[in-house]
Structure formats: C-alpha cells, structure tokens
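If you're matching them up, the sequences are chains A and B in order. In terms of the numbering used here, the first sequence opens at residue 121 and continues consecutively. In terms of the numbering used here, the second sequence opens at residue 121 and continues consecutively.
Hint data in this document are derived by calculation from the structure and do not stem from the laboratory. Hints are supplied without guarantee of correctness; some may be wrong.
Since the list gives no way to pick one copy over another, a pair counts as held whenever it fits inside one copy or between any two copies.
[Said to hold, decoys possible] Within a straight-line C-alpha distance of at most 25 angstroms, the following computed SDA-like cross-link-like pairs (lysine to any residue) qualify:
#1 Lys181 - Cys305
#2 Lys267 - Arg122
#3 Lys286 - His306
#4 Lys311 - Ile167
#5 Lys312 - Ala177
#6 Lys321 - Ile290
#7 Lys311 - Asp292
#8 Lys139 - Leu313
#9 Lys286 - Ser307
#10 Lys312 - Asn288
Listed below, chain by chain, are the residues.
Number of protein chains: 2
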Amino acid sequence: MRKIETCLSPELIHLYNIKGKNVVIVDIFRATSTMISALANGVSYIIPFYSLEECRAMEEKGFIIAGEREGKTAEGFELGNSPIAFLNGKYKGEKIAMTTTNGTLAIEKSKTDANQIIIGSFLNLETTANYLNSKEEDIIILCAGWKGKFNLEDSLFAGALASNLKGNFISDCDTTIALESLYECHSENIKKLLSLASHTKRLQNENIAADIDFCLTLNLYSTIGVFNGEMIKIDQL
Amino acid sequence: MRKIETCLSPELIHLYNIKGKNVVIVDIFRATSTMISALANGVSYIIPFYSLEECRAMEEKGFIIAGEREGKTAEGFELGNSPIAFLNGKYKGEKIAMTTTNGTLAIEKSKTDANQIIIGSFLNLETTANYLNSKEEDIIILCAGWKGKFNLEDSLFAGALASNLKGNFISDCDTTIALESLYECHSENIKKLLSLASHTKRLQNENIAADIDFCLTLNLYSTIGVFNGEMIKIDQL
Numbered sequence: 121m122r123k124i125e126t127c128l129s130p131e132l133i134h135l136y137n138i139k140g141k142n143v144v145i146v147d148i149f150r151a152t153s154t155m156i157s158a159l160a161n162g163v164s165y166i167i168p169f170y171s172l173e174e175c176r177a178m179e180e181k182g183f184i185i186a187g188e189r190e191g192k193t194a195e196g197f198e199l200g201n202s203p204i205a206f207l208n209g210k211y212k213g214e215k216i217a218m219t220t221t222n223g224t225l226a227i228e229k230s231k232t233d234a235n236q237i238i239i240g241s242f243l244n245l246e247t248t249a250n251y252l253n254s255k256e257e258d259i260i261i262l263c264a265g266w267k268g269k270f271n272l273e274d275s276l277f278a279g280a281l282a283s284n285l286k287g288n289f290i291s292d293c294d295t296t297i298a299l300e301s302l303y304e305c306h307s308e309n310i311k312k313l314l315s316l317a318s319h320t321k322r323l324q325n326e327n328i329a330a331d332i333d334f335c336l337t338l339n340l341y342s343t344i345g346v347f348n349g350e351m352i353k354i355d356q357l
Numbered sequence: 121m122r123k124i125e126t127c128l129s130p131e132l133i134h135l136y137n138i139k140g141k142n143v144v145i146v147d148i149f150r151a152t153s154t155m156i157s158a159l160a161n162g163v164s165y166i167i168p169f170y171s172l173e174e175c176r177a178m179e180e181k182g183f184i185i186a187g188e189r190e191g192k193t194a195e196g197f198e199l200g201n202s203p204i205a206f207l208n209g210k211y212k213g214e215k216i217a218m219t220t221t222n223g224t225l226a227i228e229k230s231k232t233d234a235n236q237i238i239i240g241s242f243l244n245l246e247t248t249a250n251y252l253n254s255k256e257e258d259i260i261i262l263c264a265g266w267k268g269k270f271n272l273e274d275s276l277f278a279g280a281l282a283s284n285l286k287g288n289f290i291s292d293c294d295t296t297i298a299l300e301s302l303y304e305c306h307s308e309n310i311k312k313l314l315s316l317a318s319h320t321k322r323l324q325n326e327n328i329a330a331d332i333d334f335c336l337t338l339n340l341y342s343t344i345g346v347f348n349g350e351m352i353k354i355d356q357l
C-alpha cells in the first residue's frame, strides 16, 4: 500500500527521503490558500520567489507582484498574501509573482527531489485527496510551519488530508498518525481549536479575520494546483 | 502567568530560548522511564553519556554500565535500557553510567542553558507536575524523538504534562496546544493510540512488550529526577 508521511517543518526535511514522492506543500495561513484561490479565480499561473527583490523585479515583466513579510503586505507590492484579493476574477488571466515568509521556503526545499509538488489547502482538500489518490506515488506532506516551528493550522490540514486518504494509503509515521487523530477529534469544529493557535492571534492583530475564515472553508474549489518546477498552475484530475 | 512550550525534537532546539527555563527531557521508550525506575528503586545516581565508549569506560570506576543502540543492549554492557531491570531494588545503592540513542542527546543539547533539567516519564507524571508547579520558571518540554523526528509517545507525554499543569501555566505554543488536545482526546486509553506508533512496533519486534507496558504506567512513583549538570539524582518537592 502507498504511504503518507508528514514533515512538520522545512527544518526537518533533510530527515525525509523525498526522492520520487509527491510532496504536498501546506501553508494554510495564507500562502497555499492564496495560491489555490488565485488559480480557482482565473489567474494564469504563479511563480514563487524566495527573495523579495527577485519577486519585485518581475513587475517589469508584466507580472502582478504579491509579497508578504511578517503577515503584512511588503512595501511597494500590489498584493500581500490575501486569498480574498483574487475573488470575483479580479486578476483573471494575470500572471502572479509571489513571495511569502514560510510557504515559498517549503517549495524551495523540496523542488529538486520531489516527483511532483502539489499545493494543499482546505479550500480544495477533497479534490487534492482525489488527485493524490489517482497517482501511484507515496506522499510527503510538508508543513511550512512558522519560522521553523510546528504550527497548528498546517498540522491540522495534514491530519485532514491523511484522514481523507485513509484506506488507500497507510500513515507511515508517528507524525501523520498523531495529526490524523487530532483532526478527527476536532473535525466538527476545527475553527474552535484554531482560535487558540498563535498564528490566528497574530493575524487577528493584523485585522485579517476574514482571511482566516476564508482559509478554513472546506472544499470551496475543485481546483488542483501543482508546481512544475517553474510555475504553479492548474492540473486536471 | 508562567509558560509552557514544547520542542518536538533535539533538531529544533536551536529555535527555542532555553535560557533560565526548566527543561523537561522526555524519552518515554525508554531512557527517561528507565532513569526514573532506577532512581525510584534505590540507584544512587546516573551519569548520562553521549558516546558508547565513554560510558563503557566507567565500568572500571565502579559504575554499572547501561547502553542501548537501536533498541538493543549495546555489546559488552551489563544493562540495556529496560526500566524493569531495576525493579525490586536489584541495583540499590549502585551508580549507573548510561547511554541511549536519543535521550542523552536531548540532555546534551540543553544542559548549557537550562535553569534546571528534569527527567519526565509517565511513571512520575503527577509528581513531576507538582514539582514544576512549585517553581517560578517557565517550562520547555524537550521530546527526544526518534532520529530527529517527532514520535508519538514523547509527544503524548508532553500533552499529558501540559494538561496536568493547566490553570497554572499557559500553553504558549501551537505544539503544546496540539499535544494537550491530542492527549485529552485519548487520555482514557493512550495505549490504544500508542499501539499504532512506529516505535511501539519496533520495540515489539525486540520482544520487549513488557517494557512498553511498564513505561506507560501512570504515577507508579513519586520520585523526582533532576540532572544537576553532572549526574541525574533524586530531588525533593
């Protein structure tokens, strides 16, 4: 049977053998939720950047630039990291250059070895599970975390995804077993548990409660987001 | 209010500010459980060693040497890493030199900066909680993990300890919030969840099911184990 492992932070990714596996990148608040919202709302594709400067330079090449640092829109950027900014097709047909604190780091750290990189979010949980299930490869869920540490929202998503894949995949590590169980304990009301999370508190201080709520909406989209080594775009089931 | 944080692996300890905090070292299967069993059964003190060779050399100095690698007794060592070996005062009054795969690494990584290092196990959970509660310092629970990764048994202990300290300490990180909740979901039957854990399976392959059972016994002892920078010995409440 195919296997699922979960890596709680990019700081631990060297302990995992990624080679040939499908890696699901998770940064619920808000990078991966924003990417899925953008693609579902008609954005052509997204190029992720680790550095603010490289990302900023893409504006001249006709890209809409989206940059976030410490939860805020980076100076001089049209967009920050809000999934809501893309609603109603506002950026339909546009190309986006995006840089975020933790999310793009996770992509950087896995892009060399992974078979495929898939963008995970609650917004497209079920479709993402179906997509992974249609593939033969083992899965590593890579949580972006917060400055190298575990975070609650990415971890709960990992548990939710493992729970959705149960029966077709084995949870082959303690991390996945723990998070699947944690998610199943709270699946009726994950927002309540997440209201305790440090990142939720940080974001609420930035007055982006609407973003948090949006990022936790289950299965709003049936869009699959993959990173092909160069750009993030829609793939079909 | 005093704070509790949890670090899931020695690989992440550089992300935490240990300075002046009380650090609880956790290696449920089996180093810290064995240390508490040894002290509760009359062992005078324990010196932890990172290297097998340094530990072995202590035999000449009158120590009983205990060494474990990959779950097995290290070659030439009188004892491995079984808490049961110390029952019935078999090593009463003896000095032990001990080296284990993950547990002593966790002690090494925190001994410079911690205010105090406390040895955590299910065997003395309640007494350990009372001891920590009698102190003014914030707490960091440092899980030994398994080869740098998260493991279920150390994590569940962290959740159990945080749950026991609720009301007197704030869970100041997402890790602690998640593990406290996971423990509370399973507190009636942690053995059932742990039967899924990878380390349980590994140890069962080594025919040490009795050790596993013993390590998960709640509050068998009211012994407090502390590391004073040189040796692990009993402290009083």
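Results of checking the hints against the structure:
Taking CA atoms no more than 25 angstroms apart as the test, Lys181 paired with Cys305 passes in neither setting, with 48 angstroms inside one copy and 52 angstroms between copies. In the homo-oligomer, the alpha carbons of Lys267 and Arg122 lie at most 25 angstroms apart only across protomers (23 angstroms), although the nearest pairing inside one protomer, at 31 angstroms, exceeds that limit. Both within a single protomer and between protomers do Lys286 and His306 lie at most 25 angstroms apart by alpha-carbon distance, with minima of 17 angstroms and 20 angstroms respectively. Taking the shortest Cα distances, Lys311 and Ile167 never come within 25 angstroms of each other, neither inside one copy (30 angstroms) nor across copies (46 angstroms).
Taking the closest pair of Cα atoms, Lys312 and Ala177 never come within 25 angstroms of each other, the shortest separation being 40 angstroms inside a single copy and 54 angstroms across copies. In this assembly of identical chains, the alpha carbons of Lys321 and Ile290 lie at most 25 angstroms apart only when taken from different copies (15 angstroms versus 34 angstroms within one copy). For a Cα distance limit of 25 angstroms, the shortest separation of Lys311 from Asp292 across copies, 18 angstroms, qualifies, whereas the shortest one inside one copy, 27 angstroms, does not. Within a single copy, Lys139 and Leu313 get their C-alpha atoms no closer than 34 angstroms, and across copies no closer than 30 angstroms, so neither meets the 25 angstroms cut-off.
In the homo-oligomer, the alpha carbons of Lys286 and Ser307 lie at most 25 angstroms apart both inside one protomer (15 angstroms) and across protomers (24 angstroms), since each shortest distance falls under that limit. In the homo-oligomer, the alpha carbons of Lys312 and Asn288 lie at most 25 angstroms apart only across protomers (22 angstroms), although the nearest pairing inside one protomer, at 29 angstroms, exceeds that limit.
In summary, the numbered hints that this structure violates are 1, 4, 5, 8.
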